[in-house]
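Positions 1 to 238 (the numbering used here) are the ones given, in order, by the sequence shown.
Just so you know, these hints were derived from the structure itself, not from any lab.
Treat the hints with care, as some may be off.
In silico DSS-like cross-links for lysine-lysine, where the CA-CA straight-line distance does not exceed 25 Å [to be verified]:
1. 104 - 213
2. 62 - 83
3. 214 - 104
4. 104 - 87
5. 62 - 75
6. 83 - 104
7. 54 - 104
8. 213 - 87
9. 104 - 86
10. 75 - 87
11. 87 - 54
12. 62 - 213
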Amino acid sequence: MLKNALLVIATVALAACSTGKMKAEYGQLRVNTQMSSTVFLEPVSPEDQVVYVKVRSTTGNKGFRLQGAIEQEMKAIGYTITKDPKKANFMIQANIRDYTSTVKAADGTGESLVGAVVGGVLGSAIGGGKGQEIATTLGAVAGGAAAQKYANSNVLVTYTAQVDIQVSQRAIGSINYNTRSNASQGDSARTRANYKRASNWENYRTRLVSQAKKVGLTETEATTAIVEDIVTSLSNMF
Numbered sequence: 001m002l003k004n005a006l007l008v009i010a011t012v013a014l015a016a017c018s019t020g021k022m023k024a025e026y027g028q029l030r031v032n033t034q035m036s037s038t039v040f041l042e043p044v045s046p047e048d049q050v051v052y053v054k055v056r057s058t059t060g061n062k063g064f065r066l067q068g069a070i071e072q073e074m075k076a077i078g079y080t081i082t083k084d085p086k087k088a089n090f091m092i093q094a095n096i097r098d099y100t101s102t103v104k105a106a107d108g109t110g111e112s113l114v115g116a117v118v119g120g121v122l123g124s125a126i127g128g129g130k131g132q133e134i135a136t137t138l139g140a141v142a143g144g145a146a147a148q149k150y151a152n153s154n155v156l157v158t159y160t161a162q163v164d165i166q167v168s169q170r171a172i173g174s175i176n177y178n179t180r181s182n183a184s185q186g187d188s189a190r191t192r193a194n195y196k197r198a199s200n201w202e203n204y205r206t207r208l209v210s211q212a213k214k215v216g217l218t219e220t221e222a223t224t225a226i227v228e229d230i231v232t233s234l235s236n237m238f
């Protein structure tokens, strides 16, 4: 019994130490955004700074409001927003392809560590009979409360967004594109197609991956910070 009690104390002490270290490192929100490739655009006169913006989302997350944020930022740096692509000299098209979150306890395991370990060990450390039953119940309650506390504030929460971007600039002349595509039909048949097309747009594609980390981070706080960072990275192309 003494051995089990000491194990409980050691487990709680270790969890507290690890949590303190994690809070010191991730107590403040950290946001990092990386671009897969750099895009260079030709400078234009102020009267030609007209942009069309279209954002789609295949994640199903309705809280990730990127289009309005992009339009607001582009206005702030001197661009005019148009809803008609024919009137635009620039186009920003984006797809929010992925938005996920992960939760990690201080020692790298899931957030239920304290609830499972402390609750179980404490419940089995106080003898048998009626005392065993009471102790097990108390241990489960204590462990569950600890797990709930960790789930709310003492776990490292990470949100990651992946956004595919196509930035287009109207070209002075016509551009010819050669495209090759492979498509599957049924289980085995494959078709290949090669075609050429002329366009008045120079197209540049890149991907932005933005990650927010913080102890006890909420989705609302993460989304706001990630959208702001993505918009800043995107507007810096212009």
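Quiz item: Does the structure break any of the earlier hints, and which numbers would those be?
Solution: Hints 4, 6, 7, 8 and 9 not satisfied by this model.
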